[in-house]
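Asks: Below, each chain spelled out in residue letters.
There are 2 protein chains.
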Amino acid sequence: MTAAVLEEYRHKIRTELDRVVDFWLKYSHDKEHGGYFNCLGKDGKVYDELKYVWLQGRQVWMYSRLYRTVERFRKPEILEAAKSGAAFLQKFARVEASRKPGKCAFCLTRDGRAVKVQRTIFSECFYVMAMDELSRITQDKVMQADAESMMDQLVFWVQTDSSSLGRPQLPGDLPVNSMAVPMMLLCLVDQLTEDRPEVAEKYKDLSGWCVEQILQHIQRDGKAILENVTLNGKELPGCQGRLQNPGHALEAGWFLLKYALTKGDVQLQKTAVEKFMEVPFFAGWDKQHGGLFYFLDVDGHCPTQLEWNMKLWWPHCEALIAYLMAYSHSKEPVLLDRFRLIYNYTFKHFSDEEHGEWFGYLNRQGEVVLDFKGGPFKGFFHVPRCLYMCEKLLDSLLDIQDA
Amino acid sequence: MTAAVLEEYRHKIRTELDRVVDFWLKYSHDKEHGGYFNCLGKDGKVYDELKYVWLQGRQVWMYSRLYRTVERFRKPEILEAAKSGAAFLQKFARVEASRKPGKCAFCLTRDGRAVKVQRTIFSECFYVMAMDELSRITQDKVMQADAESMMDQLVFWVQTDSSSLGRPQLPGDLPVNSMAVPMMLLCLVDQLTEDRPEVAEKYKDLSGWCVEQILQHIQRDGKAILENVTLNGKELPGCQGRLQNPGHALEAGWFLLKYALTKGDVQLQKTAVEKFMEVPFFAGWDKQHGGLFYFLDVDGHCPTQLEWNMKLWWPHCEALIAYLMAYSHSKEPVLLDRFRLIYNYTFKHFSDEEHGEWFGYLNRQGEVVLDFKGGPFKGFFHVPRCLYMCEKLLDSLLDIQDA
Numbered sequence: 001m002t003a004a005v006l007e008e009y010r011h012k013i014r015t016e017l018d019r020v021v022d023f024w025l026k027y028s029h030d031k032e033h034g035g036y037f038n039c040l041g042k043d044g045k046v047y048d049e050l051k052y053v054w055l056q057g058r059q060v061w062m063y064s065r066l067y068r069t070v071e072r073f074r075k076p077e078i079l080e081a082a083k084s085g086a087a088f089l090q091k092f093a094r095v096e097a098s099r100k101p102g103k104c105a106f107c108l109t110r111d112g113r114a115v116k117v118q119r120t121i122f123s124e125c126f127y128v129m130a131m132d133e134l135s136r137i138t139q140d141k142v143m144q145a146d147a148e149s150m151m152d153q154l155v156f157w158v159q160t161d162s163s164s165l166g167r168p169q170l171p172g173d174l175p176v177n178s179m180a181v182p183m184m185l186l187c188l189v190d191q192l193t194e195d196r197p198e199v200a201e202k203y204k205d206l207s208g209w210c211v212e213q214i215l216q217h218i219q220r221d222g223k224a225i226l227e228n229v230t231l232n233g234k235e236l237p238g239c240q241g242r243l244q245n246p247g248h249a250l251e252a253g254w255f256l257l258k259y260a261l262t263k264g265d266v267q268l269q270k271t272a273v274e275k276f277m278e279v280p281f282f283a284g285w286d287k288q289h290g291g292l293f294y295f296l297d298v299d300g301h302c303p304t305q306l307e308w309n310m311k312l313w314w315p316h317c318e319a320l321i322a323y324l325m326a327y328s329h330s331k332e333p334v335l336l337d338r339f340r341l342i343y344n345y346t347f348k349h350f351s352d353e354e355h356g357e358w359f360g361y362l363n364r365q366g367e368v369v370l371d372f373k374g375g376p377f378k379g380f381f382h383v384p385r386c387l388y389m390c391e392k393l394l395d396s397l398l399d400i401q402d403a
Numbered sequence: 404m405t406a407a408v409l410e411e412y413r414h415k416i417r418t419e420l421d422r423v424v425d426f427w428l429k430y431s432h433d434k435e436h437g438g439y440f441n442c443l444g445k446d447g448k449v450y451d452e453l454k455y456v457w458l459q460g461r462q463v464w465m466y467s468r469l470y471r472t473v474e475r476f477r478k479p480e481i482l483e484a485a486k487s488g489a490a491f492l493q494k495f496a497r498v499e500a501s502r503k504p505g506k507c508a509f510c511l512t513r514d515g516r517a518v519k520v521q522r523t524i525f526s527e528c529f530y531v532m533a534m535d536e537l538s539r540i541t542q543d544k545v546m547q548a549d550a551e552s553m554m555d556q557l558v559f560w561v562q563t564d565s566s567s568l569g570r571p572q573l574p575g576d577l578p579v580n581s582m583a584v585p586m587m588l589l590c591l592v593d594q595l596t597e598d599r600p601e602v603a604e605k606y607k608d609l610s611g612w613c614v615e616q617i618l619q620h621i622q623r624d625g626k627a628i629l630e631n632v633t634l635n636g637k638e639l640p641g642c643q644g645r646l647q648n649p650g651h652a653l654e655a656g657w658f659l660l661k662y663a664l665t666k667g668d669v670q671l672q673k674t675a676v677e678k679f680m681e682v683p684f685f686a687g688w689d690k691q692h693g694g695l696f697y698f699l700d701v702d703g704h705c706p707t708q709l710e711w712n713m714k715l716w717w718p719h720c721e722a723l724i725a726y727l728m729a730y731s732h733s734k735e736p737v738l739l740d741r742f743r744l745i746y747n748y749t750f751k752h753f754s755d756e757e758h759g760e761w762f763g764y765l766n767r768q769g770e771v772v773l774d775f776k777g778g779p780f781k782g783f784f785h786v787p788r789c790l791y792m793c794e795k796l797l798d799s800l801l802d803i804q805d806a
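Quick mapping for you: the protein sequence lines, in order, are chains A and B.
Its first residue numbered 1, the first sequence is counted upward by one per residue in the numbering used here.
Its first residue numbered 404, the second sequence is counted upward by one per residue in the numbering used here.
Hints may contain errors.
The list that follows gives simulated cross-link-like pairs (lysine-lysine, DSS-like), each with its CA atoms no further than 25 Å apart [as the list claims (entries may be wrong)]:
#: 1; chain 1: B; residue 1: 503; chain 2: B; residue 2: 434
#: 2; chain 1: B; residue 1: 544; chain 2: A; residue 2: 100
#: 3; chain 1: A; residue 1: 331; chain 2: A; residue 2: 258
#: 4; chain 1: B; residue 1: 661; chain 2: A; residue 2: 42
#: 5; chain 1: A; residue 1: 234; chain 2: B; residue 2: 519
#: 6; chain 1: A; residue 1: 116; chain 2: B; residue 2: 690
#: 7; chain 1: B; residue 1: 661; chain 2: B; residue 2: 519
Don't read these hints as lab results, they were simulated from the structure.
These figures come from a predicted structure and were not determined experimentally.
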């Protein structure tokens with residue numbers, strides 16, 4: 001009986017992935033300047049021509065990963081699309097004016113002029129993911145080296161000296177262990193080291209460091225995952241210290257579980273599921289209206305983020321991956337129950353039957369309040385990555401070979 | 404009959420102002436380090452100790468203005484409160500580490516260490532308002548000179564060279580006339596020049612320039628007020644160019660009307676009401692649920708700001724001032740109708756009968772979704788300024804002398 005349900009999920013997810021890929025192939029490509037339009041309305045129409053570097057990099061990565069690992073996506077148009085985005089990034093992402101090695105813009109004009117630079121590391125992270133994944137298909141050694149040298153720059157910023165990111169050192173701004181940073185680096189190590197033992201050896205200490213940094217976010221005697229902690233793993237004062245981001249914790253959960261499975265680390269597998277999946281699920285699930293809250297305060301104060309009670313697509317994507325991966329490993333029925341609950345909410349509320357792709361932003365009650373399919377923070381990434389990973393997990397559960 | 408209604412409004416507004424002042428006097432003062440706590444829960448409890456420089460400056464200004472111009476607030480505790488905030492700002496607001504003349508922090512720790520610096524001019528603007536208003540009571544010439552020299556620095560940043568604000572010059576980031584800047588400077592000129600003809604003479608050209616810059620935001624053949632335009636008053640491409648912020652336009656409306664009334668500029672009075680009050684009201688009023696939307700796209704696309712359809716307290720404050728000022732001047736009944744509509748929505752939804760003060764953030768349906776009374780952007784400013792100005796306008800309409 002479980003097999004029939006899993007087969008039903010698999011069919012739906014596979015169909016949905018095809019529709020999502022079609023949507024971006026059809027509407028997002030800029031044939032004149034290269035790269036992708038990110039801001040697409042509910043029907044795919046471009047409503048703004050700005051190009052966001054996070055999203056350009058993620059789209060290159062996603063096309064490349066699909067091309068490389070899923071038979072039915074091994075099509076010239078997908079490889080060409082990936083190459084177009086990568087060429088655009090290599091040509092325009094780095095900000096000359098910043099005079100900082102490797103620093104990439106956050107946002108570019110349609111023709112590649114820098115509009116905004118963030119004083120963080122994330123544009124560069126998605127640049128690494130893009131170049132590494134595409135170079136695995138093309139065997140482009142120069143591109144692979146470009147990814148690795150950007151990675152080395154990232155590690156320097158995070159572990160040695162962040163001053164060239166441009167943030168002033170302020171006496172009241174204490175260094176913080178923000179969960180995004182070790183998560184992102186762990187994800188990049190996973191990316192760069194696949195099938196490359198010598199690179200894995202190079203980054204062995206780094207991945208251990210990332211895991212340690214992520215585990216520091218388990219607070220309150222294991223009853224909460226907090227988004228920001230001190231550098232030695234203590235709770236920070238005020239709103240910043242009490243902030244919970246359930247979707248982010250769930251994403252960390254499957255990053256950790258994936259890592260722990262490859263290492264055969266049973267204790268870490270248990271921690272990944274119990275602390276980074278169950279704890280944020282219980283904190284974050286809205287018992288009244290369903291769906292995962294975006295932000296919460298661990299002491300029950302009202303968060304100061306205006307969007308705290310909205311239901312965003314990406315935490316639900318991450319939760320689906322997390323619980324299906326956890327179930328695949330342990331076959332614990334309760335984990336499949338969680339997957340089912342999130343799956344039902346997600347497909348009912350986010351997926352757009354009419355035009356394809358998913359809405360990204362619902363109010364607490366589950367109604368669509370921002371109806372675009374692509375925007376400054378929503379691109380061709382969380383939805384297809386979720387569908388792709390869930391399809392792979394279901395194939396494996398059902399013992400289906402990709403063909 | 405109108406007089407009876409106006410008297411009813413006046414009574415309510417006066418009572419509400421007393422309650423709001425009591426709330427901040429009771430809960431926000433930091434007797435240990437000086438200055439004010441900004442983050443107050445619905446019952447007044449401090450939920451975060453960070454001190455936001457915009458809000459510190461605004462609170463000094465508001466206490467000082469009430470003390471100086473409203474008989475019943477001429478009390479030692481209010482003057483002491485203003486002085487405490489001003490001393491805190493003079494001691495801690497300027498960021499030494501930035502090595503930029505006059506640059507103030509955005510946010511400080513409880514004991515005054517800089518946490519964050521914005522690359523904009525607004526912390527400095529509220530510093531000017533605070534110091535100028537308080538110095539009018541204390542006759543502190545050094546403080547007044549501090550305000551004027553900060554003002555000169557602001558004018559230099561806006562009109563001559565903004566590079567020392569720290570924003571990198573990027574090739575795709577074209578200079579923008581953002582409505583906040585000329586509005587803020589016009590407000591400061593109004594502040595600094597009251598009863599000082601020689602200062603008025605000094606800033607005569609500046610106020611004319613501000614008005615001209617604000618008027619450039621009238622677009623689409625007079626049918627829309629757009630938040631961002633090019634430096635020569637043309638529409639910008641994309642979301643940035645299509646953005647409407649009805650509350651901000653209404654605030655600009657009463658700034659312009661006040662200026663035009665002192666100048667006796669009849670044409671500008673008409674423009675202030677027709678373009679900066681009626682146009683944003685019709686664009687921004689939610690016919691389905693009432694209240695003013697926060698952001699809108701002039702072409703009807705979905706804004707990318709997640710909070711676009713929320714109802715915030717401050718646009719309603721600005722709308723109340725705008726329409727009551729416009730009605731006071733022209734006695735056009737339709738303007739009083741608008742005031743009544745906004746007044747009814749505002750007092751029904753924002754005012755908290757139980758604990759005093761106003762909620763700040765409602766969902767589209769008008770339910771409170773963030774229940775704190777003070778937060779990073781909500782302090783002792785928009786609510787009391789609105790109540791104070793409306794009380795003054797109603798006093799004048801009803802021919803009541805403050806006593």
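Asks: All hints, please: hold or fail.
Replies: We went through each hint and held it up to the structure:
Distance restraint check for residue 503(B) and residue 434(B): the Cα-Cα separation of roughly 31 Å exceeds the 25 Å cut-off, and the hinted pair is therefore not satisfied. With a C-alpha separation of about 45 Å, the suggested pairing of residue 544(B) with residue 100(A) is violated against the 25 Å cut-off. Proposed proximity of residue 331(A) and residue 258(A) is supported: the alpha carbons are some 16 Å apart, at most 25 Å. Taken as a hint, the residue 661(B) and residue 42(A) pair is broken in the structure, with Cα atoms around 43 Å apart against an allowance of 25 Å.
Note on residue 234(A) and residue 519(B): the hinted pairing holds, with a Cα-Cα distance of about 21 Å set against a maximum of 25 Å. Proximity of residue 116(A) to residue 690(B) is assessed by CA-CA distance (about 36 Å); at most 25 Å being required, the pair is judged violated. Of the pairs offered as hints, the one joining residue 661(B) and residue 519(B) is violated, with about 34 Å between alpha carbons and a cut-off of 25 Å exceeded.
Violated hints, in rising order: 1, 2, 4, 6 and 7; the structure is consistent with all others.
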